[in-house]
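Assemble the complex: chain A is given as a structure, and chain B must be docked to it using the hints.
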Amino acid sequence: MQVLFKTRYEDDIRFLAKTGEKVRVGLVVAFLLAAPLFLQTYYLGELGLLLVYAIAGIGLMILTGHTGQVSFGHAAFLGIGAYCHSILMSHGVPFTVSVVVTMTLSGLVGMALGRSASKMHGFYLAIATLAFLMLVETLLGEWESVTNGYAGFAVPGLKIFGISLGKAWQQYYVDLFFTLLVVWGASNLFRTPVGRSFLAVRDSELSARSLGVNVEWVKIQSFGISAAITGLAGILLAHHLSYLAPDVFGVLESLKLMLMIVVGGLGSILGAIFGAILISLLPVALSFLKDYLPASIGQQAGLEPLLFGLIIVLFIVFEPQGIYGRWMKIRFFFETFPYYRKSSFVRQKSYLKTERMR
Amino acid sequence: MLSFNDVVHLAITGLAQGCAYGLIALGFVLIYKATEVVNFAHGEFMMLGAFTVLAWSEAMGGSFWPAFVLGCLTVGVVGYLIDAQIMRRIIGQSAASIFILTVAFGFIFRSLAGMIWGWNTLSLNTPFDGQLALGANLVVNMDRVAIVGATVILCAVLYLFFSRTRYGIAMQAASQNQLAAYYMGIPVKRLVSITWAIGAMIAAAAGALMAPITQIDTTIGFLGIKALAGAIVGGFGSIPGALLGCLLIGVIEPFADYLVPEIKGVSPYIVMLIVLFVRPEGLVPQTFQKKV
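From first to last, the protein sequence lines stand for chains A and B.
Going by the working numbering, the first residue of the first sequence is number 1, and it counts up by one from there.
Going by the working numbering, the first residue of the second sequence is number 1, and it counts up by one from there.
FYI, nobody ran anything at the bench for these hints, they're computed from the structure.
Even for Gly, the Cβ is constructed at its ideal location relative to N, Cα and C.
The reader is advised that the hints may include incorrect statements.
Stated by the list, open to error - Rough simulated footprint, nothing fancy, chain B against chain A, three-plus residues with beta-carbon under 8 angstroms:
no. : segment
1   : 108 to 120
2   : 124 to 137
3   : 248 to 260
4   : 313 to 324
For reference, chain A alone in the conformation it holds in the complex (with noise of 0.2 angstroms):
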C-alpha cells in the first residue's frame, strides 16, 4: 500500500499525487499522441469520434454527474454546436472565431434553460429538457432558409488560421487538443469554489443553501458550462460527419450521452471518458458478435438497440457505479492487496426518498 508523504504546499494542489497515476495517464497520453503513426485512417477518425464523445459526455458529466441535474436533451447542444458553427464557417468567419461564438451562443442557451429549469427538480427537468430537444430538433428542420432543413446542411472544410486541416491525422490532433484541454479544464473546475458549489448542490440542495450557495445560480452555472462545453463537442462533430441533418440530434443521440455517463459511473471525468469508450467499441465488437451468432439471432433488425439496453439494465442493477466503479474496485484490491475484502465496497441500505416533500 503507497503512503503518500507531502513534503512541499504543492504537493497538496498537484494533479496526480501517486506514481501509478502519472504512468497510467502518461501512457495514454503517450498512445494518443502517437496514435496515428501506427493506425489506419478509419480507425483514426474513429479515435477521433471517440475523444468528440468524450467531450460531450464531460459536458453532461458536469451537469448530471456533477450538479445533479438530469438532462435528456443534451443533444440538443451538439445540434445547436454544430450548426452554428458550421453556419458561421460557410459564411467565412475564421475557425477560432466562430469556436468562441459557438461556445458563447451553446452556453447562454443553456444558462436560459437552466435559468428556467433551476425551479424544477428531477423528472419534471428531465422531460423539460427532452421538450426542449424535440422543440430544438423541430427548429432546426423547420427553418430552412438558414439550416437548409432537412434536405441537409454541407460542413464547410476544417480550416484554422487559413491552413486547411482536412487530412484524418490534422483532424485527430485537433479533436486531441480539445480534448485534454477539456479534460484539464473540466478537473481544475471542481477545485474552484465553483465546481465545489456544483457538488454541494448535487449532494443536498437544502444543506447547500443553509451554507450560503445560491443554489439557482449554481444551478445556471453549471448548465452554461455544460452546455458550452457539450456545443464544442458538436463542432468537432460537425467536421466529423461534414454533412449536417436535424434528426441526427434526436432523442436517441440524448440517449446515447446519457448511456455514456451512467454506465461510464455518474459523478467522476474519468467515467465520461470510459463510457465514450464503450460507446464506441459496442458497435464494433457487435458486429464481430454478429458474425459468430446464428443467423436467425445475429440478422435480427432490433438486436443493437436490446443488447444496448440489456447492457445498461445489468449495469444499473449489478454496479450502480458504473465502469468507474469496477475500475476503482480493482485499482482498491491491488494497491491494499492482500486486504481487500469484498465488504470494503458494501453498498449502503438505502431508502426511498420522496421528492414531493421537498
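Just chain B, lined up with the frame of chain A:
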C-alpha cells in the same frame, strides 16, 4: 377558416386522443405515487398491450373481448415482474439512473416486440367499427366513442378500488408514507408490484383501444411521452390533474396541427414547457416546499 362541423370534429378527435393519453398517464401517476419512479417505458406497455391482444385474438380465432382481457393480464404480469425482479433492487439510487433504466426497458420491449411480431404495421379487428350519428351531417367513429367510454369506466373502477377496497386504501397509505405503512403491517413491496401491474394493465387497455386509430407497430409507444407531457401539464401526483392535463393536450393537438402545420407533433411539448415555466408544479399542484 374552420367551420362549426370542423371544430366539433377536431374537438371529438382531440377528446378521444386526450382520453387515450389520460389512460396512459393514469399508469404513470399511479406508479409515481407508489414508488416515485417515473416509468419512461410506460408507452411501451401500451405497445405490448396492443401486440398481446392481437396475438391472443389470433390464437383464439378473432374474438376480441377474451383476447382483450387475457392481453391486459399478460402485460400486467410483465409489469408485476419488472417491479418485483428489477425496480425493487434499485430503490434509493440517483434519479438519473432510474430514468435511464426505464428508458432502457423501453428499448428492450421495442426490440423484443419487433423480433416477435415483426416491424411491419399490423391492424387489430375490434367490435367498434361503426359510426355514430350525432346530428344532421356529423358522424363520429365508434372507436373514438369507445375510448372515451372506456376512460370513464376505468376511472370509476379505479376510484372505487382506491376508496372502497382494503387493498386500495392500503395502497394509498403506502403511497403517503412507506415506512409508517410497513409498521402497520401493510405488505408494501407486494402492493408496489401490484400497482405496477395495474398501471401496465391500464396502458395495455389503452393500447388495444387505440389500435384501430393508430394501427399497431413498435413505435406507438412514443405516445407515452405525450401522455407524460399531459400529466405534467395537469400536475403529476394527482390523478384528476393528470387526466385534466391530458384532455387539454389532446384537444389542443389536432387544432394546433391543423392551424400551424409546421409544429405538427410537438404542440404538446410547447404547451408543457409553457406550463412548466409559468407554474412549475402543474395546474393542480401536489408538492410542498419544505421549510428549514
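Verification of the hints:
1. Chain B is given as covering the segment 108 to 120 of chain A, and this holds because 3 residues of the stretch bring a CB closer than 8 angstroms to a CB of that chain, at least three being needed.
2. Figure legend: the segment 124 to 137 of chain A, annotated as covered by chain B; annotation consistent (9 residues with Cβ-Cβ distances under 8 angstroms, at least 3 required).
3. Counting residues of the segment 248 to 260 of chain A whose beta carbon lies closer than 8 angstroms to any beta carbon of chain B gives 3, which reaches the threshold of three, so the coverage claim holds.
4. By the rule of at least three residues with a Cβ nearer than 8 angstroms to a Cβ of chain B, the coverage given for the segment 313 to 324 of chain A holds, with 4 such residues.
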